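J.: Residue numbers (this note's numbering), protein chains in the order written: chain Y, 59 to 337; chain X, 23 to 204.
Rather than coming from a laboratory, the hints here were simulated on the basis of the structure.
One or more hints might be untrue.
[Said to hold, decoys possible] Covered by chain Y, per the in silico footprint, the following chain X stretches (three or more residues, Cβ under 8 Å):
(1) 84-96
(2) 140-152
(3) 189-201
[Said to hold, decoys possible] Mimicking BS3-like on lysine-lysine, the simulated pairs with C-alpha atoms at most 25 Å apart in a straight line are:
(4) Y:K103 - X:K43
(5) Y:K222 - X:K202
(6) Y:K103 - X:K24
(7) Y:K103 - X:K69
(8) Y:K103 - X:K199
(9) Y:K270 - Y:K103
(10) Y:K222 - X:K203
(11) X:K174 - X:K59
(12) X:K43 - X:K174
(13) Y:K282 - X:K203
(14) Y:K175 - X:K31
(15) Y:K119 - X:K174
(16) Y:K103 - X:K200
(17) X:K174 - Y:K175
No experiment lies behind these values; they were computed from the predicted model shown.
All C-beta atoms in this analysis are idealised placements derived from N, C-alpha and C, irrespective of residue type, glycine included.
Spelled out from the first residue to the last, the chains are:
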Amino acid sequence: MRSISFNTVKKKVKAAIMDAAFIAGDDLMASFRRALAEEESPLGKEILNQLLENAEIAKDKRIPLCQDTGLAIFFVEIGDEVKIKGGLLTDALNEATKEAYGDAYLRKSACNCFTRKNTGDNTPAIVHYDIVKGDKLKIVFCAKGGGSENMSRVTMLKPSDGRKGIEDFVVQRVWEAQANPCPPIIVGVGIGGTFERAAIIAKKSLLAPIGKRNSDPELAEMEKSMLRKINDLGIGPGGLGGRITALDVKVIMEPCHIASLPLAVNINCHSSRHAEIDF
Amino acid sequence: MKILKPPLKREDVEALEAGDKVLITGTIYTGRDAAHKRLVDLLDSNKPLPFDINGSVIFYVGPTPSPPGRPIGAAGPTTSYRMDAYAPRLIEKGLRGMIGKGPRDANVKEAMKKYGSVYLGATGGAGALMAQAVKKAEVIAFDDLGPEAIRKLEVVDFPVIVINDTKGNDLYIENVKKYKKG
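Just need the whole structure built from these sequences, with the hints factored in.
T.: Have a look at this one:
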């Protein structure tokens, strides 16, 4: 067994959460520049330039990229030969969240559903675990804003709806969302599994670098097809009209029940903030 | 580029057209979901609002906490449709401008026309950039709501674009139409 200390996990995760709030990823910055080159609308170009400038200010002055610093979401792959010494892994992630959101002056956005009273420290974090072989621990943090999450949907299609039914639903969802989720967006599509599994893999699909195509040729083709159709909608940066409505579309597909075709569309805003921490 | 200096008169906003780029300098107030519910609850019970709504501009934002030495953290707009249920009541009381992102519903657009108010779009997800235009921030009501408390902001050249004017025009609808294929 390999032993990793609770405090080591907490410390590294805390630092990663803070950086993610202030520093836009290289893939995201590159996608803004590509979008700027392709955008035809003058207003759309202006918005994209503002996003590039925003990222510079955020990095230089350590001001969050967006005031919605999100709920804290973690995807954890823990090797079957790893033991966390000194406490529970979930507790380490929650403590890292609490400290990072406090110390870095990030917004605490977690609240009670009915009273709307803020929990005060942005916990509980939302954690998804996978047990894998080996002695490694990989934690991917994702700060997910509410505006784009609100535009996301899960649906149970009929098997006969097939690929066309899936593409139509995804494109229609983006159309209905319009300017709400802060376009240019990144669209995560989870196909298969069950009701809840589709949503989890849709969110997981958003973690892959922008511009990287699926390794499955059919799914890669679907990603390209949906991206083209979404960008034909004309919503554009900021929803003010233009060519670039989405920076990318990501698909993960898993087997499903013979009666079902579960589909989840998880929309991410352009402030796509994540960080990978490897132990 | 047009300049707005709140408090605004009806004719100030009637002079604006969808698509106009505007810089705001002066006092604006923050308010989002929970604060809107409380404002409308106060109106329902005939109690005074915590600021003079007549001629005012509300910015739909829940900023990040101010770090030492800065007036505010990141401060970009939140999605406006969640305030649609409350906005017409405030517009009726003289609210002249709302700053946010995303489309408004028919009732809000109708109230804007009837009472003279405009909906101004700010760039979503540009919270660090927008914060540069905020020079002062002070919580004036509902402190217990944390990020959702009402703040009085002093802004200089705060950049927005007119989405809905008082004549019923909608910049989102008009512009998306221009670029939609098929």
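J.: Give a verdict on every hint.
T.: Taking the hints in turn, this is what the structure says about them:
Counting residues of the region 84-96 of chain X whose C-beta lies closer than 8 Å to any C-beta of chain Y gives 9; at least three are required, and the coverage claim holds. Under a criterion of three residues with beta carbons nearer than 8 Å to beta carbons of chain Y, the stated coverage of the region 140-152 of chain X is upheld, 8 such residues being counted. For the region 189-201 of chain X, the stated coverage by chain Y is satisfied: 8 residues place a CB nearer than 8 Å to a CB of that chain, which reaches the threshold of 3. Distance hint between Y:K103 and X:K43 is fulfilled; the C-alpha atoms sit about 15 Å from each other, no more than 25 Å.
Proximity of Y:K222 to X:K202 is assessed by CA-CA distance (about 20 Å); at most 25 Å being required, the pair is judged to hold. With a CA separation close to 20 Å, the supplied pair Y:K103 and X:K24 stays within the 25 Å bound. Using a Cα cut-off of 25 Å, the hinted pair Y:K103 and X:K69 is violated, with the two alpha carbons roughly 46 Å apart. For the hint pairing Y:K103 with X:K199, the CA-to-CA distance comes to about 17 Å; that is within 25 Å, so the pair holds.
Note on Y:K270 and Y:K103: the hinted pairing holds, with a Cα-Cα distance of about 23 Å set against a maximum of 25 Å. Between the alpha carbons of Y:K222 and X:K203 the distance comes to roughly 19 Å, so the proposed pair stays at or under 25 Å and holds. Annotation: proposed proximity of X:K174 to X:K59 holds, straight-line Cα distance about 18 Å (limit 25 Å). For the given pair, X:K43 sits about 23 Å from X:K174 by alpha-carbon distance, which is consistent with the 25 Å threshold.
For the proposed pair Y:K282 and X:K203, the alpha carbon gap of about 17 Å is at most 25 Å, so the pair holds. At most 25 Å may separate the alpha-carbon atoms for a hinted pair to count; Y:K175 and X:K31 exceed this at roughly 36 Å. At roughly 23 Å between alpha-carbon atoms, Y:K119 and X:K174 fall within 25 Å of each other, so this suggested pair holds. This hinted pair checks out: Y:K103 and X:K200 have alpha carbons roughly 15 Å apart, not beyond 25 Å.
Taking the CA atoms of X:K174 and Y:K175, the gap is about 22 Å. The hint holds against a cut of 25 Å.
Taken one by one, the earlier hints fail for this structure at numbers 7, 14, listed in ascending order.
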